[in-house]
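Trainee: From first to last, the protein sequence lines are chains A and B. Numbering-wise (the numbering used here), the first sequence opens with residue 1 and increments by one. Numbering-wise (the numbering used here), the second sequence opens with residue 1 and increments by one.
Please keep in mind that the hints were generated in silico from the structure rather than gathered at the bench. In this text the structure is predicted, and so the values were computed from the model without any measurement. A hint or two may mislead.
Once the Cα atoms are required to be at most 25 Å apart in a straight line, the calculated DMTMM-like pairs of lysine to aspartate or glutamate come out as [claimed, not checked]: (1) 180/B with 71/B; (2) 184/B with 151/A; (3) 150/B with 36/B; (4) 151/B with 168/A; (5) 75/B with 244/A; (6) 98/B with 178/B; (7) 177/A with 153/B; (8) 184/B with 234/A; (9) 75/B with 243/A; (10) 161/B with 250/A; (11) 150/B with 165/A; (12) 180/B with 87/B; (13) 161/B with 31/B; (14) 161/B with 243/A; (15) 68/A with 422/A; (16) 83/A with 151/A; (17) 161/B with 78/B; (18) 75/B with 250/A; (19) 180/B with 250/A; (20) 83/A with 20/B; (21) 151/B with 157/A; (22) 162/A with 153/B; (23) 161/B with 234/A; (24) 150/B with 189/B; (25) 75/B with 234/A.
For reference, the chains in residue letters:
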Amino acid sequence: MKRIALSALLILPLAGCGTFRTYDAKLSQSLDRARGGDLDGALAAIGRPSGDNDLLNHLERGELLRQKNDLAASDAAWRKADKVVRRWEDSARIAPERLLPGLGSYLINDKLRAYEGADYEKVLLSTRLALNHLARGDFATARVAIRRAHERETLIETYRAKEREAVEAEARDRGAKTRYQDLGGYPAQTLDSSEVQALRNSYQSAFTHYLAGFIYEALGEPSLAAAGYRKALELRPGAAVLEDGLASLDTRTSPSQRGATDVLFVIESGAVPARESQQFPLPVISSHGLQYVPLSFPVLRQEGRDAIGDTLRVDTLGDLGITTVADLDAMARRALRDDMPGLMLRALVRSTVKGVAQVQTHRNDKYGLALPAVALGAWLTESADERGWRALPGRISIARATLAPGPHRISLGANGRDHPVEVQIGGSHMVVSLRQMDRQLYVLTPRISDRTRAVSARAAELVPCCTTRMVLQGG
Amino acid sequence: MIRTLLVLIPALCIAGCVKDVVRYGDARATETVTNEFGSTDLQMIAGDMTQSLLKHPVLAGVESPVFTVQEVKNKTSEYIDTRAITDSIRSELLKSGKVKFAVDSAGMEEQVDELNRQQGELYERRQAAKTGRMVGADYRLEGNISSIVKKAEDTRDVYYKFNLQLWEIESGLLAWNDEKEIRKTTTRE
Chain A
1 MKRIALSALL
11 ILPLAGCGTF
21 RTYDAKLSQS
31 LDRARGGDLD
41 GALAAIGRPS
51 GDNDLLNHLE
61 RGELLRQKND
71 LAASDAAWRK
81 ADKVVRRWED
91 SARIAPERLL
101 PGLGSYLIND
111 KLRAYEGADY
121 EKVLLSTRLA
131 LNHLARGDFA
141 TARVAIRRAH
151 ERETLIETYR
161 AKEREAVEAE
171 ARDRGAKTRY
181 QDLGGYPAQT
191 LDSSEVQALR
201 NSYQSAFTHY
211 LAGFIYEALG
221 EPSLAAAGYR
231 KALELRPGAA
241 VLEDGLASLD
251 TRTSPSQRGA
261 TDVLFVIESG
271 AVPARESQQF
281 PLPVISSHGL
291 QYVPLSFPVL
301 RQEGRDAIGD
311 TLRVDTLGDL
321 GITTVADLDA
331 MARRALRDDM
341 PGLMLRALVR
351 STVKGVAQVQ
361 THRNDKYGLA
371 LPAVALGAWL
381 TESADERGWR
391 ALPGRISIAR
401 ATLAPGPHRI
411 SLGANGRDHP
421 VEVQIGGSHM
431 VVSLRQMDRQ
441 LYVLTPRISD
451 RTRAVSARAA
461 ELVPCCTTRM
471 VLQGG
Chain B
1 MIRTLLVLIP
11 ALCIAGCVKD
21 VVRYGDARAT
31 ETVTNEFGST
41 DLQMIAGDMT
51 QSLLKHPVLA
61 GVESPVFTVQ
71 EVKNKTSEYI
81 DTRAITDSIR
91 SELLKSGKVK
101 FAVDSAGMEE
111 QVDELNRQQG
121 ELYERRQAAK
131 TGRMVGADYR
141 LEGNISSIVK
151 KAEDTRDVYY
161 KFNLQLWEIE
171 SGLLAWNDEK
181 EIRKTTTRE
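In isolation and in its complexed conformation, chain A is listed as follows (with noise of 0.2 Å):
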């Protein structure tokens, strides 16, 4: 009874450490505070990394400081996030089997598992990087970011396929129901739509593969250029930006050639949706028949305001239509519909194990004291994991032109209105990147010296300016 007796105070205190802190709470109050303009506020909340290896932290802070423009300190926590990703590479890679779920999460909750990323995460971590390095003018930084971006893809790919096998083998195994429409009460409408439907899988976005295509036709290397556009349109037919970005890439002359620059608007708005825990009945057969045991899992709400119109207008070329070429909400959308057989087999055996815990218990347990503490226990630690990378957009849209070098208006559609801003065009190719949130804006672009405003086929020496902040009015 003693023995009983301690391993209930033992599970107590670990599972407080995994079930009280909730990452929701957390990244909510950093949020609202970016989406007040308070980037610093929003840092503070987040907090310090607990190391190296704290993805998570990683993961928002350099987003947040690629907002306020400190384009150097979002790079280092960006390099910190991916040294882990790698390091989750090299398993996946060389032995996959060491990726199994630990054994915290068999017995507490998925939140004890190490983040790992979502697939999603893992290629936009990479595509990210790039955009940092875009907005110094860098494109030959980018393209190795950039690379390293759809180099992953073919690797999750390969891993989940053996991942999804090994899931399907266990499932079968056991005997155990792994489809999230036979949770009562779970909502499948959310991962059931038809733009996650639409999707090839949760990781693969249009946007990365041309934004790979715009950085290599930038360094002249046609050929893997016209590999990035055709995926993309292969990830998202019929959209006119990208079947342009194609067809015109063998007659579209060096814009140095033709004394302007070839400018891509990245136009982000939204959020990704947040996780969270909730409880549903899952069916399960026991020696006593049918039972539904209540277990937690993930349930996806929907977060920001998307304010963003459909065009951008240019002071010399009149209106632009923007094309959305990631959905990033439905990729979160279908990483936890893919996650989700995974994540149901892991509930069946934690309830499993639990269950036996509290049937011996129940047994030895002369005075009544230990069984209530191991059912809290179990009770507690019932928690699905929250995690996800909370500040990235909901949405990514492009446009393109070809611009005279030297100060240009921009005005970009939200909330019914148009709101103006200047920017600086020079080089032969530049990205300039404008990122809502709620009812701000954060406008990233290079600044243009004097020295290079003359249109050159070599983009030196743009050096990233202050990011433009504006509040959106109206709506």
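Given chain A, work out where chain B should sit, using these hints.
Mentor: Relative to chain A, chain B alone:
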């Protein structure tokens, strides 16, 4: 439960003691890690195209013809750096001693920049490169690579076709043309 723990904990310790070992391998060994375009495909294409060109009468008729390399178009959805293929071909042809290469369009800007730089007063006039003396190419190499991908439940089949052409610049005639086909199949066993 305690028995389960007694089995799992040593297993985890053993797993934690495993470390990665790095070794150098043979750069020419056949690589079949995945069925995407890889190093062996690049080497096969470059090797076969070079041998085919070296045996063709076009090189027998002219002493040290001058080639320039133009773009080999990538018509696949894979990120294939076709310049790596043409670089290997150029390297092998140069080693044969039978062909010379003129600067291609991708390198023209650096070529012109360097020529212009040497016209400055910092350079010894006698030793500096003179403008107006670049050699034009007699032939241009261009081509394309395409693929057909088929997937069934346990099988993925990829077929590549690499086509390379040698065009005589002055006449516009096709002097040589060859292609290399590669098929790679992955099955789950």
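Trainee: Now, for every hint given, state plainly whether the structure supports it.
Mentor: Structure-based check of each hint:
{"no.": "1", "hint": "180/B with 71/B", "result": "17 Å, holds"}
{"no.": "2", "hint": "184/B with 151/A", "result": "19 Å, holds"}
{"no.": "3", "hint": "150/B with 36/B", "result": "13 Å, holds"}
{"no.": "4", "hint": "151/B with 168/A", "result": "21 Å, holds"}
{"no.": "5", "hint": "75/B with 244/A", "result": "16 Å, holds"}
{"no.": "6", "hint": "98/B with 178/B", "result": "19 Å, holds"}
{"no.": "7", "hint": "177/A with 153/B", "result": "23 Å, holds"}
{"no.": "8", "hint": "184/B with 234/A", "result": "22 Å, holds"}
{"no.": "9", "hint": "75/B with 243/A", "result": "14 Å, holds"}
{"no.": "10", "hint": "161/B with 250/A", "result": "20 Å, holds"}
{"no.": "11", "hint": "150/B with 165/A", "result": "21 Å, holds"}
{"no.": "12", "hint": "180/B with 87/B", "result": "17 Å, holds"}
{"no.": "13", "hint": "161/B with 31/B", "result": "19 Å, holds"}
{"no.": "14", "hint": "161/B with 243/A", "result": "24 Å, holds"}
{"no.": "15", "hint": "68/A with 422/A", "result": "18 Å, holds"}
{"no.": "16", "hint": "83/A with 151/A", "result": "15 Å, holds"}
{"no.": "17", "hint": "161/B with 78/B", "result": "13 Å, holds"}
{"no.": "18", "hint": "75/B with 250/A", "result": "12 Å, holds"}
{"no.": "19", "hint": "180/B with 250/A", "result": "24 Å, holds"}
{"no.": "20", "hint": "83/A with 20/B", "result": "16 Å, holds"}
{"no.": "21", "hint": "151/B with 157/A", "result": "14 Å, holds"}
{"no.": "22", "hint": "162/A with 153/B", "result": "14 Å, holds"}
{"no.": "23", "hint": "161/B with 234/A", "result": "21 Å, holds"}
{"no.": "24", "hint": "150/B with 189/B", "result": "18 Å, holds"}
{"no.": "25", "hint": "75/B with 234/A", "result": "13 Å, holds"}
When held up to the earlier numbered hints, the structure conflicts with none and fits them all.
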